[in-house]
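J.: Residue numbers (the working numbering), protein chains in the order written: chain Y, 19 to 276; chain C, 109 to 428.
Just so you know, the hints here were simulated from the structure itself, not pulled from any lab data. Cβ coordinates follow ideal geometry from the N, Cα and C atoms, glycine included. Treat the hints with care, since some could be wrong.
Restricting the straight-line Cα-Cα distance to at most 25 Å, the calculated cross-link-like pairs of lysine-lysine (DSS-like) are [unchecked claim]:
#, chain 1, residue 1, chain 2, residue 2
1, C, Lys135, Y, Lys276
2, Y, Lys276, C, Lys254
3, C, Lys254, C, Lys288
4, C, Lys135, C, Lys326
5, C, Lys326, Y, Lys276
Chain C stretches covered by chain Y per the calculated footprint, using a threshold of three residues with CB under 8 Å from any CB of chain Y [said to hold, decoys possible]:
#, stretch
6, 162-175
7, 237-246
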Amino acid sequence: MISIPAIGTLAANTMREAIRSKVLYTLLFFAVLLIGTGVLLSTLTYVEGERILQSVGLAAIRLFGAAIAIFIGIGLIHREVERRTIYTILSKPISRGEFLLGKYLGLVATIWLQVLVMGLAFAAVSLLAGAPLGIGHAQALGLAAIELAVVVAFSTLFSSFTTPMLAALFTTGLYALGHLSRDLRDLGSHSDVETVRLVASGLHRVLPDLESFNLTTQALHALPVPGSEVVFAGLYGVGYSAILLVLAVLIFERRDFK
Amino acid sequence: MSVSREEIVRVEGLVKEFRTGMGIRRKRALDGISFRVLEGEIFGFVGPNGAGKTTTLKILMGLIFATSGRASVLGHDVGETEFRRRVGFLPENPYFYEFLTGREILRFYAKLSGVAKPEIERRVETLLDWVGLAHAADARLRTYSKGMLQRVGIAQALVHDPSVVFLDEPMSGLDPIGRKEIRDLILRLHAEGKTVFMNTHILSDVELLCDRVAIIVKGAIRYEGRIEEFLGVDERSTDVVLSRVDPGLAAALEERFGAIGGRGELVEVRVAEKEVRELLDRALGAGANVVSVTPHRASLESIFLSAVAEAGARDRSPGR
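Using the sequences provided together with the hints, build the complete structure.
T.: This is how it looks when you write it as structure tokens:
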């Protein structure tokens, strides 16, 4: 049986670690700075200044969110093993799965808190510049948060069996591929060769489709997005993360901590 | 009539092999070891560096998996987790989250160990006091010395009031006062009826503290038993140092008791415990003075060293 209080304790401690880390504040500072510079960029054009401002802001949130997710996530488990802090924790009535889940949820909660701070900065800058704010922006930020949960799941998976350097390479690679997987499928579907079509479609199914979490265009142009599409994308993100975490637990449960 | 005590730890035919050299070769760290630890005893697991002590402890704590054999603690297979509510563990040179304070880390471990919420603060304060860290409770662990971290390690192992405690080199990094305090703490745990399993290579601590010991050398148990059995109670000898010994007496003593040693005017004779009275009578009767009488027994160190030498000889013997 899973111990919810133990997972909560581990998650809260992971959050506390991140919040007491200077790295996080540095990244957050630059993210807010970039959101703010949107105001400057928007003054350089006579047309669509508000849209440029918001485009820069949303891109900053997604990119810096991913940077934080990868930067902290890659060492999440590896650091515990390397510094041997895991020895005393696993000697308590905690399963390895609970440990991993607690660490994951703690980092996701930290990153969502960052998204909230960056989102508030974005809203403040938009209001100051007189740019419109609507439900579309909230949906875009919500799905950006789900995307980051998937990125953290990837970094947790890689961190559970490899070094931070390799985990960073794998996670960054999959982040890039995840944003191209939809294009890959579309390109493949135009091919005359059946095998190419099948491979492209197969890759799209296996790789994360991170573009399904990108509602930036819709938010900027106030295009309506059906609620079902947002819910589906959210479920897809949760399901994909769950599969990655199950894989991580399966690997982690077999490891010797020498 | 002897009262049968519960087996707290049971290890049977435990083998651990590590893969080395790109996973092709295998190195056997434990070679089918078996031993048991009984309720309420202080058990010393003794061996030189690299003998397999920490490997055994890691298997018992579920940190690594045995290649074959069985290990159980409190009647539960070591792969289970729930029984760890009753188990405390101090790893060798423990590491902790440096961003937390002493008080915060103990709260964290108390919560993980399932200590009831209203009890947490009381247990944390008690343990801080026990290990002498109350004055530094609100300082971050990154400012702690090695000795202070060792004390945090002991406090976290006891914060949930476990019935069995596993300590890996508990005196490591401590000054003489700290070592004395930890020895007292172990004796206090013993008095409370807790079972203590201690990995160590400090033999004087083992002699002082342990009820039973097992000596492990190169992944195999060489001896296991009560400490008195090791030290050969019936084979005690005594060193007697005499002065003002004339040559006639010296020759008589040598003839009766074997080789005698000397330092300046002093003459040293080693005799069996039962021969002490006879020696003293003869020496005093011949006008010699008695400088000292020191009971001498085979130390754990000599047994330990002979076990290591025996293992070395076995490795070098033909056919291996």
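J.: Please go over all the hints and tell whether each is borne out by the structure.
T.: Here's how the hints hold up against the structure:
1. C/Lys135 <-> Y/Lys276: holds, 13 Å
2. Y/Lys276 <-> C/Lys254: Distance of about 22 Å is within 25 Å: holds.
3. C/Lys254 <-> C/Lys288: Roughly 16 Å separates the two Cα atoms, so the pair holds.
4. C/Lys135 <-> C/Lys326: With a Cα-Cα distance of about 11 Å, the restraint between C/Lys135 and C/Lys326 holds, given a limit of 25 Å.
5. C/Lys326 <-> Y/Lys276: holds, 17 Å
6. 162-175: holds (count 6)
7. 237-246: violated (count 0)
Violation of the numbered hints given earlier is confined to hint 7; every other hint is satisfied by the structure.
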